[in-house]
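Working from the sequences, and respecting the hints, build out all of it.
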Amino acid sequence: MADETRKKEILDKLRNGVIQYDEDACREGAQEAIAEGLDANEAIFDGLVSGMEEVGRLFEAQEYFVPEILMCADALYAGLEILKPHCKQMDLGVKGSVVIGTVEGDVHDIGKNLVKMMFDVAGFTVYDLGRDVPLDKFVEEQLKTDSELVCLSAMMTTSMVGMPKVIEKIKEKNPNCMIMIGGAPTSKELADKWGADGYAEDASNALKEAIKMVAFLKKLRDEKAQKK
Amino acid sequence: MDAKQLKQFLHTEGATLVGVGDVTKALPKEIVHLNRGIAIAVNRNLTRETVDQLVRLQTLAEGWLKANGHRSLSIPPDSDRRKDKLITKLYKLFCHKTAATCSGLGWIGKNGLIINEQYGSKLTWATVLTDAPLGPDKPYISSRCGDCDLCVKHCPSGAVQGHLWSLRNPLMEMVSYDKCRSLKSGRTALKGKPNCGFCVTVCPYSRNGGARK
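Residue numbers (my numbering), protein chains in the order written: chain S, 2 to 229; chain D, 105 to 317.
Take these hints with a grain of salt, some might be off.
Said to hold, decoys possible - Ranges between beta-carbon positions, derived for each pair:
1) D:PHE113 with S:LYS138: 47 to 53 Å
2) D:GLY296 with S:LYS9: 53 to 59 Å
3) S:PRO135 with D:ARG185: 26 to 32 Å
Unchecked claim - Covered by chain D, according to a simulated footprint, are these stretches of chain S (three or more residues, beta-carbon under 8 Å):
4) 65 to 79
5) 100 to 114
Treat the hints as calculated values from the structure; they're not laboratory data.
Here the structure is a predicted model, which is why all the values come from computation and not from measurement.
Where is the CB? At the ideal position from N, CA and C, for every residue including glycine.
Here it is, written out as structure tokens:
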């Protein structure tokens with residue numbers, strides 16, 4: 002195991018690589034982390050995700066815009082690809098899989114991809130159905146994979162109206178499945194009305210919610226580490 | 105902020121043409137802050153590695169802008185073929201033709217391609233969008249094809265309609281792409297290559313460019 006200063010150096014490299022959307026730096030940092038025996042989970046959470054948290058903040062402060070967010074996400078993926086195979090399954094009691102997609106009639110999927118990224122980071126198995134997905138496919142895929150979570154996204158009001166049907170069908174067959182909806186036309190009220198368990202308004206909000214979720218996982222992990 | 109400096113820099117690095125356009129009116133909301141479009145063109149005769157060359161120029165421009173404290177978004181020449189990253193989703197929000205016409209480097213010809221007065225349609229284009237307040241060039245607002253209809257006459261699939269482009273109706277369909285595509289895919293199946301491009305080679309502007317060089 003590398004010493005503390007070196008470890009911090011590598012984590013900073015990963016973090017800054019994400020913030021400055023430098024894919025090469027992320028790749029390099031990830032390789033160094035593996036070569037020097039850093040825990041891959043730690044490299045992801047304290048390096049890459051910590052960078053993405055800062056990106057979320059910069060976006061809110063209007064220093065970053067949509068293009069920067071996407072480039073940062075690409076940089077994060079560059080690092081993640083290398084680190085992922087070295088991850089031990091995190092033992093948090095929240096292992097999980099998620100079905101995600103943009104509902105039929107809708108081809109906007111930037112928000113969906115950002116949310117998917119955070120699930121990837123958190124170690125979820127992600128079944129990405131892509132965009133313009135027929136409603137029944139969500140139900141089918143949920144049953145097939147027995148996922149705990151289904152995420153539906155829509156950018157347009159016209160395609161959003163398909164959401165309650167999917168929610169109803171899934172809940173009918175599998176009442177324990179959690180459902181999150183997202184996209185500009187959705188709202189907290191609609192989510193409640195349709196019986197969805199969570200909601201995010203747009204890409205940045207989705208990112209924020211997903212970061213919160215991952216930050217929570219991180220806290221769990223830290224607490225667990227302390228108890229040991 | 106001096107656009108001249110950037111242009112000179114890119115010219116010495118191998119760009120054939122560089123222009124700066126005010127593209128405010130053509131931007132969707134995701135990138136509304138990037139209201140200057142830098143159009144970069146490379147003459148296809150110069151090198152076979154045209155795309156690589158353009159991507160290199162874009163990266164240089166991005167670096168220059170970043171060093172001066174500005175944001176940018178590069179749209180690569182082969183943007184339609186790139187799907188490997190998240191950022192590629194933004195490429196389809198903006199097209200090279202807008203940047204080229206806004207920066208006064210060419211108009212949209214009857215053949216549906218950017219025509220530059222010196223090089224015709226024999227150019228490959230890349231765009232860098234930025235929020236740097238660069239002084240814009242004078243845009244083209246209408247076609248200079250005039251009465252010439254060589255590309256209409258020579259198009260083997262009858263796809264070229266012969267409309268005159270103007271900024272008043274910038275999205276008018278100049279070429280029936282279905283016809284063009286079906287001819288090309290037919291030829292690709294037969295010979296392994298599309299083997300067309302008449303609308304480029306017959307254009308007097310393209311030929312002048314070749315002769316002058």
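Checklist entry - For which of the previously enumerated hints does the structure constitute a violation, in increasing order of number? => result none
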